[in-house]
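Peer 1: Sequence:
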Amino acid sequence: MVGQVGYEQPADVAAALAIQDRLWPLVDLVGPGPTAPARVAGLDVAYAEGGDRLAAAVTVLDTATLTVVDEAVSVGRPAFPYVPGLFAFREVPALLDALRRLRTLPDLLVCDGHGLAHPRRFGLACHLGVVTGLPAVGVGKTPLVGTWSGPAERRGAWAPLVDGGEVVGGVVRTRDGVKPVFVSVGHRMSLENAIAQVLALAPRFRLPETTRTADRLCRDALAAVA
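Per numbering that gives the first Met the number 0, residue 0 is the first one in the sequence shown, and the count goes up by one each step.
If you're looking for bench data, these hints aren't it; they were derived computationally from the structure.
Just so it is clear, CB atoms sit at the ideal spot from N, CA and C, and this is done for glycine as well.
Hints are not guaranteed to be accurate.
[What the hints assert, rightly or not] Label pairs and their calculated CB-CB ranges:
| id | residue 1 | residue 2 | range |
| --- | --- | --- | --- |
| 1 | G5 | T66 | 29 to 37 Å |
| 2 | D61 | A13 | 42 to 50 Å |
| 3 | A13 | K140 | 29 to 37 Å |
| 4 | V224 | R153 | 28 to 36 Å |
| 5 | T34 | T66 | 19 to 27 Å |
| 6 | R100 | A47 | 16 to 24 Å |
| 7 | V224 | Y81 | 19 to 27 Å |
| 8 | Q8 | V177 | 36 to 44 Å |
| 9 | G176 | A14 | 44 to 52 Å |
| 10 | G5 | G84 | 32 to 40 Å |
| 11 | P202 | L104 | 21 to 29 Å |
Construct all of the structure, not just a fragment, from the sequences and the given hints.
Peer 2: As structure tokens, this is what we get:
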């Protein structure tokens, strides 16, 4: 896995802000990214009660069958204090450790979180995409920023997520009449392609199978060390 830059862990908030400012220009928000990825990775992190321990999980799915073909987990401590807008610094080190344990290189990363749809336009999916060099998208259950109108109630409908006059993502209906998810570009993807890939990964449930499988894996890993 060859990234554009090496990962740098900040010592404090000022250093974290400086790292984001330095990495932001490296983000590719155009793509278009893979339109028919064979292997897609889901990334998720679960926290123990009290928040002093976490498990970061990566599952790699075969897109033809949506079955898990590879997986890895890393259990440890959050790497940075909780600071709004800098949440990725808590999780990226453990997620990178899990990614390094994989035997299969994924074509696309689907992060449980946000990419461009972030107060500083550099969410978890952007950070992981730049550091790994892999195409990445963020899928959030709730929004961090932005307003929207719609989308329609049918599966596949979506509406622009707008913040400060800028389209930062899409509000996507993955099931008829069910709450939408919030999709944003992380790196080396277009928004339209990101939405198409998320819909393909969510044929039956609100959340994509990448998120569902990674969520189960990290929760099981936490339970095993509890």
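Peer 1: Hint by hint, say whether it matches the structure.
Peer 2: Cross-check of the supplied hints:
1. Range check, G5 to T66: about 33 Å between beta-carbon atoms, so the 29 to 37 Å window is met.
2. Between D61 and A13 the Cβ separation comes to about 43 Å, which falls inside the hinted range of 42 to 50 Å.
3. A hinted range of 29 to 37 Å for the beta carbons of A13 and K140 is consistent with their spacing of about 30 Å.
4. For V224 paired with R153, a C-beta distance near 43 Å fails the hint of 28 to 36 Å.
5. At about 21 Å, the CB distance of T34 to T66 agrees with the hint of 19 to 27 Å.
6. The beta-carbon spacing between R100 and A47, approximately 20 Å, falls within the hinted interval of 16 to 24 Å.
7. Here the CB-CB span from V224 to Y81 is close to 21 Å, well matched to the stated 19 to 27 Å.
8. The beta-carbon spacing between Q8 and V177, approximately 38 Å, falls within the hinted interval of 36 to 44 Å.
9. For the pair G176 and A14, the supplied restraint of 44 to 52 Å holds, since their beta-carbon distance comes to about 46 Å.
10. The beta-carbon spacing between G5 and G84, approximately 22 Å, falls outside the hinted interval of 32 to 40 Å.
11. The beta-carbon spacing between P202 and L104, approximately 24 Å, falls within the hinted interval of 21 to 29 Å.
Violated hints for the displayed structure, listed by number in ascending order: 4, 10.
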